[in-house]
Amino acid sequence: MMNPAIIIYGFLLFAASLIVHIVIWRLRVPWLSSIMLIFLILGLPTVSMVAVIFGIGGMGGWAGLGAVEWMQVLLLHLSLASAYIVGYPAVRAVSPSLDILVMISSSPGGSVKRENLLRRYSEARVVTARVDDLLEYRLLVLQDGHFTVSPLARWIVRVFSLYRRLLGLPAGGG
Amino acid sequence: MNKDVSLLFALLLSPGIVFLIHAALCRVFRAASRQKVAARAAILGSVPTGMLLWSEALNRQFGADLLWAVLYCFIVYSALAYCYFHFFNMSETARRIKLLTVVHRAGRMAERDLESMYKTTDVVEARLERLVALGQLRFHDGSYSISGRTLVCAGYMVLFWRKLLGFEKDGTGI
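Protein chains in written order, with our numbering: chain A, 1 to 174; chain B, 175 to 348.
Hints listed in this document are in silico derivations from the structure and should not be mistaken for laboratory results.
A virtual CB, placed ideally from N, CA and C, is assigned to each residue, including glycine.
Keep in mind that a hint or two might mislead.
Quick list of the computed label-pair ranges, beta carbon to beta carbon [said to hold, decoys possible]:
| # | chain 1 | residue 1 | chain 2 | residue 2 | range |
| --- | --- | --- | --- | --- | --- |
| 1 | A | 4 | B | 221 | 22 to 28 Å |
| 2 | A | 50 | B | 316 | 34 to 40 Å |
| 3 | A | 173 | B | 240 | 29 to 35 Å |
| 4 | A | 20 | B | 176 | 30 to 36 Å |
| 5 | A | 20 | B | 312 | 19 to 25 Å |
| 6 | B | 295 | A | 66 | 55 to 61 Å |
Only part of the chain A face toward chain B is listed, based on derived beta-carbon distances under 8 Å [what the hints assert, rightly or not]:
| # | residue |
| --- | --- |
| 7 | 87 |
| 8 | 145 |
| 9 | 146 |
| 10 | 163 |
| 11 | 165 |
Could you build all of it, start to finish, from the sequences and the hints given here?
Take a look at the structure:
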């Protein structure tokens, strides 16, 4: 039997995490904000739910739901939270694709000449801003004017490369 | 196995099902827009996932229980399929992944070499091509105009959310 409370609690948990996220970010965007976001809306709720599911501290069977039902609440929250997190990079640093679309949509006449578009972005730090991000997250290392990747970055590249090979596709264009 | 546990397992398997369908579609539709192929895989994945859910969990539920269970599965599957699509999109378009891949393959790269290899205009041109292929932009007489509303709406939502989180918009926001 699917208790509708599962859906309600799942959404409430996600909403509560989002509210805390918005409040903290409005006060001050944390350092390494992507990692802090993962901790806040994935890590903390998961730990709390595990405590409920395994009855730690006498919380078993809380609010009339059994352990498996709380797992369903957790899965609903994690799926919504993951969907938010994967979209977060486009919010943190506006994606050029979305920026282009908004700019054209709001321009007089609803169109922009190609050379104007390219000129606008030639002055923006489209690439160097991303390099700064990678340095901040210790995925790129800069030493003596040369870049190398960190061990974690090497692992990330291998995962994506394997994924693309399994799909039968070449590396992405970026 | 308890049907509630079966339901959880079937939903957790769904990204893997989408991946298998995506890998097949990539090999069949090589000339098509890669984002469109990924989106179709995410939608088509609902069929085998739905069949699995029905056979393992949903066929033993009736009336309101069945409706709540279907709603729960729809929400979780949609969120997970969305996450899959974004994971693929990261492999396809993310500047940071591209930068890490380029540096990893080179082993070691001078700052100026990275900047000359991965130019801002290349980034923008690639995005303009993709947006035209996706039917979101139209190129005519040297100018770009909007032809689809989906991503423009997403762009405005991202802008709204950036303001809600208190991010400062530094010109392009990039």
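>> I want to verify a distance hint. Is the separation of the beta carbons of residue 20/A and residue 176/B within 30 to 36 Å?
In response: For residue 20/A and residue 176/B the Cβ distance comes to about 33 Å; the hint holds.
> Taking 8 Å as the limit, does the beta-carbon of residue 163/A come near enough to a beta-carbon in chain B?
Replying inline: Holds, about 6 Å.
>> 19 to 25 Å was suggested as the range; check whether the CB atoms of residue 20/A and residue 312/B agree with it.
In response: Given about 42 Å between the Cβ atoms, the range is violated.
> Do residue 295/B and residue 66/A keep their Cβ atoms within the hinted range of 55 to 61 Å?
Replying inline: holds, 58 Å
> Given residue 146/A was flagged as interface, is its beta-carbon under 8 Å from a beta-carbon of chain B?
Replying inline: holds, 5 Å
>> Within 34 to 40 Å: is that where the Cβ-Cβ distance between residue 50/A and residue 316/B falls?
In response: With a Cβ separation near 58 Å, residue 50/A and residue 316/B fall outside 34 to 40 Å, so the hint is violated.
> Can residue 87/A be said to touch chain B, with a Cβ gap under 8 Å?
Replying inline: holds, 7 Å
>> Looking only at beta-carbon atoms, does the pair residue 173/A, residue 240/B fall within the given range of 29 to 35 Å?
In response: violated, 45 Å
>> Given a hint of 22 to 28 Å, does the C-beta separation of residue 4/A and residue 221/B actually sit inside it?
In response: Cβ of residue 4/A to Cβ of residue 221/B: about 26 Å, so the range 22 to 28 Å holds.
>> The hint names residue 165/A as touching chain B; please verify it with the least Cβ-Cβ distance against 8 Å.
In response: With a closest approach of 10 Å, the residue 165/A hint is violated.
> If you take the shortest Cβ to Cβ gap from residue 145/A to chain B, is it below 8 Å?
Replying inline: holds, 6 Å
When held up to the earlier numbered hints, the structure conflicts with 2, 3, 5 and 11 and fits the remainder.
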